[in-house]
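Heads up, the sequence shown is in my numbering, so the first residue is -4 and it goes up one at a time.
Just to be clear, a hint being listed does not mean it is correct.
[Stated by the list, open to error] Here are the in silico distance ranges between beta carbons for each label pair:
1. ALA124 x PRO1: 35 to 41 Å
2. THR130 x GLN(-1): 28 to 34 Å
3. ARG67 x ARG178: 40 to 46 Å
4. GLY38 x PHE123: 36 to 42 Å
5. GLU154 x LYS120: 45 to 51 Å
Since the hints were derived computationally from the structure, they do not count as laboratory data.
Backbone N, C-alpha and C fix where the C-beta goes; we use that ideal spot for every residue, glycine too.
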Amino acid sequence: MQTQAPSYAVRPPKRLGGSLSLDFVNTEAWRGDVPQRGERLTGYGEIALWAGHVGILDRAGVRRLMQEALLRPDAAADVLATALRLRDALGRILTAPVKTSAEDLAVLNAVLARAPTRTGLAASKSGFAWTMTETDPLEQPLWPVVWDAAELLVSGRAERVGCCSDPDCAWVFLDTSRNRSRRWCSMADCGNRNKARRHYQRARAS
């Protein structure tokens, strides 16, 4: 069972992952606690809003994609379903790269295959610009996510992906500490909450 978390219009995302693809995985709140798991991507509009908060889109881009989603509701629903499948696959791939399943890799590769590629240069009075392959603009928020995930995997940096020590939270992050000692997604949140919980338990036991 999932609960509906507040909209990104009123509560911006916490960027604790240290990597765009990890922040995307963290769009599901309380990933490890099924009863109170909170879904932030409740509609296509939330994907567009998230993309605006993390710098994938500017405000005009967010508005443009929201309008596109209103004009093409079935296509927007398909992209939402793709985004949720991608998020689940990335959550498994990035936390255990050596155990990546063929099914999860296929989900990632399918979005990578639809992302735009540079095909050449176009000249204009204002200068030169890349020409890109035609793609569905509704998937635009997902392209930087899959590019980032691919870079983590190819570079080997995915080996430094950690998971919050609060089993209910289970948010993921890129551990850049020298000895890979990071335990919490945020010391201010999960770290302090678990510290207070341990103090309370010790007080009750004494």
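Now the hints, each set against the structure:
1. Checking the proposed 35 to 41 Å range against ALA124 and PRO1 shows it holds: the Cβ atoms sit about 39 Å from each other.
2. For the pair THR130 and GLN(-1), the beta carbons lie near 30 Å from each other, so the given range of 28 to 34 Å is met.
3. A C-beta distance of roughly 44 Å is found between ARG67 and ARG178, which places it inside the suggested range of 40 to 46 Å.
4. At roughly 38 Å, the beta carbons of GLY38 and PHE123 sit within the given window of 36 to 42 Å.
5. Restraint check, GLU154 to LYS120: a C-beta distance of roughly 48 Å satisfies the suggested window 45 to 51 Å.
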